[in-house]
Each structure stands twice: as structure tokens, then as C-alpha cells.
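K.L.:
The lines below spell out each chain.
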Amino acid sequence: MSLFGFLKKETFRPAPAGQGLDRGILVFENTSEVIRAENLLKAWGWDIKVMGPPPEIRTGCDLVIEFPLIQELKIMSILVKDDIRPLKVVPVSSPLLKPVSIFQIKDFGRHLMVRAANMKLTIDKETLIIVNVSGGGCPDIPYLAQEMIGKSLRDAPSPREIGHTLCGYALQLAYEEIKSRC
Amino acid sequence: MLAVIGTVPIEDFPLVSGEATMEDDRIIIQGSPVSINRGTPALLAAAIKTCQTLGYPLPFGYLVGDTGLGNGSSRLYEYLSNNLQQLGFNTIAFHYLQPDVDWHNRVLFAVEDMKDRPILIADAGFMYVAKMSGEASRYNLFTPDVGELAFLADEEAPHPFYTRGFILHEETRAPELISRAYRHNNAPQYLLVKGEKDYVADSQGIHETVDAPVEKAMEAIGGTGDTLTGIVAALIEGGIGTREAAVIAARANRLSGHYAKPTPATQVIDIVKHIPRALGDIL
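Which chain is which? The protein sequence lines are A and B, in order.
Residue 50 in my numbering sits at position 50 of the first sequence; the count goes up by one each step and never skips.
So the number in my numbering is just where the residue sits in the second sequence, counting from 1, plus 1000.
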């Protein structure tokens, strides 16, 4: 077992997020930082959730990470070791906005389109080549489209890797859904 | 003159402003070329084609590079908030910018300080932030798809990503969603909703439904909403009333798609090429 695996299984005992009122949120400078933190914490086995911020700290294209507040020190330690520094940690007691979880599927015969929120991803079912990205309004979407279209689902970068915004995050959900179906 | 404001997906693309022209598959502003694939370049391409076809002056573009980090958007927001007051545009189409409520409000203040208030159109990120800021009713036209319409209809959602599940993003619900968006003051003077059927609506309800020709593949093609916004923006600049312009644009965009014989793998530039023919048929 690797050191990483050992630490993940033995040293830390992640508690589930979203239970009770003892929750906190980690606020970051931008969505890219949120995605980095999410990837890291999930890799360590923490049951954290990406959510929408409460209105009082909302600025625009925002995501926050909800976590069990009592685990703040351990979680901060993991983040800081990887040079990820939240702008602030805020306790919450009211429900946070949940990301969209409804997918809509359209089968065009040879092509399959999945929509998550405002984002649509279409592939060629025979070749698994991504043929189109549609919808969205944040500036990383034209960039993601440029990087993903023409590549196969296996070879294309995932929106999580190179996206930065909520639209990019929605495209990630469509990407995961389409991968689960093909 | 029509101003089109947005971003291109090249991080180090400088902030450029000037008359937008089109050469082959590229937009040129201030000597800087950018590919027409989707997003603001696709909007500009459709606006240029419409202006050329109808003999209108070419649109004036403001573009900056941004791949989602928001740095380019911030530069453009700052430039606009410092300079719009001195400019004399009749119509402004705001497009792909990183949503930021504070910057949006500063730009809107600058618009309010213009000598003659322009007709304001918003789509994409700028439409999101206009709704997010609670200032949607200050705009003349939004061009959402059905997913974005559900976001406008959800008075709690700050972004389409958070649209609540019970507000179903279904085409058949569009009339109900339009009504809800107006009820909560989250819609502009007119909505042009794009989808299997296109709707032109205001606070009184749906005035026009455009549903032919039908090309189901259009929904999958990135940039077809951007071309619709570009066509309607150019028509409004040409003096056609917003409501009538929205109907003509919906027809022209659908017809351009029809002439392209699209599949879900078609790219938007292949549709842009047919805009002159479509407008010629309709007008």
C-alpha cells in the first residue's frame, strides 16, 4: 500500500458532509481553486460536497465546498500542504444551493447529446468522438469546446481539468453522464 | 452603431476595439484575427453577415482573451465602466463575460450615463449576471435557451448550475417559465427563447412562436444561439422594432440552419454562411 493510501485509510477518518448543522464552507478565490480542492479532498477520501454559496458571500460565478466543520484543521492541513488556500472558512446553518442533478438525453441516431443545466455535450456513438459542445455563457466554454471537439471521450481533457467556471462544472457533469452511458 | 462586447478563448488575446470585419472563417478587429467557432466571434459573424446583406454599417466589436479565469473579463469590464459614458452606440449586445455582479453594476451605471440610452441586449454570461444582479428589467432583450430560461424563472438561482429541480427545463414548459421569469422581475422588456420552438414574449405573454423549419440537430450545435443573437442585434440596429426583429431573426436563424443541412456534428461557421440567403428569402 502506498503512503498516500495508508494515510487515507488510517490517519484520517472523514466524516460525511451535509449531516446536522455543524457544517462549514470553504470559500475560494475562483472556481478553479474549488475544483483543485475538491479533487484533492476527494482523493483523500473526504466526503465533501460542492455547493452554491449563501447570498451574503455570493459574487458571481461561485462554488464553495461544504465540509464537516469539526474537521476544519485536518482539511486545512491537507489543502495548505498542496498550496491551496481558501479565502475564508464560514460556518453555515441554512441550506446551501445544490448543483443541478437532472440530465436530459437526446438520441439523434448516430449522435448522442446529454444536457446538464445549461450545457450540452454531443458525441458520435460509433467513434466516441466529441462532435459538439453547446450552451453555456462563461468564457471557458468556447475554450473547452476548442480543446474537446474532435477528440475521443477517452483522449479529450475533462472539463474538470481545464475548466474554471460553473458552466465548465456543468459540462463536467454532462461529460460524466455521457461517459457512463458509452 | 451596434457594439458587440465579449471574449475569445485565447488567454493572452489583447483587449481590442474597432469595426469588425470577416475574412474567410475569421473575424478581424484592429488587425487581430480570431476564429469563428462559437461564442462572441460567432455572434459577430452573424451580425456582420446581416449588416452586409441589409446594407447596415458593420458592427463595432470589443473583444478580450479569457479562458475562464476572469482576468480578461475584468479588464473589459473596467474599460467599459470607464469609457461607455463617452460613446454613442444605439445598440449594445453584451455576451460572453465572466459573471461578476459588482462589475456588471458598474457597467450598467456607465450605460445610464450615456447621452442617449442604447437598446441593451444580453446573452450568455452577461445575461446570467444581469439576472443575478436583479437588474434584468433594465434590458431590452435576452436570448436564452430553455435551460437558461429555467434559470431566469428560478428566483433563487444565481446561475443556471443551481436551477432548482422542480423548475423543469423542458421545452413544453416554456410558456410557464416565461411567465414565472416576468412574475419575479427576472426578465427584460422582451425575451427571445430559442429551442425546438422559438418564442418571442414580454410581460404580457408569448406574442409569436416560430417553429419552422425544424432542424433538430441545431440544438446540439455550439454557437447557433450566438448567431441568433447576432442577427437580432443587427436587425434592431437597422431600425426594426425589437419584437419584430426577434421574429425575423428566429426565422432567419432556423432557415440558415436548414440550408446548411446540419447534423449534430455540424460547426456553426457552416450555418453562418447561409444567413444572407435566409435573410433574402424572408425580407
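Keep in mind that the hints are not guaranteed to be accurate.
Stated by the list, open to error - Stretches of chain A that chain B covers, calculated by requiring three or more beta carbons in the stretch to come under 8 Å of a beta carbon on chain B: (1) 42–48; (2) 70–82; (3) 95–109; (4) 156–166.
The set of hints was computed from the structure by calculation and includes no laboratory data.
Just so it is clear, CB atoms sit at the ideal spot from N, CA and C, and this is done for glycine as well.
K.L.:
If a hint holds in the structure, say so; if it does not, say that too.
P.N.:
Structure-based check of each hint:
1. 42–48: violated (count 0)
2. 70–82: violated (count 0)
3. 95–109: holds (count 9)
4. 156–166: holds (count 4)
Violated hints, in rising order: 1 and 2; the structure is consistent with all others.
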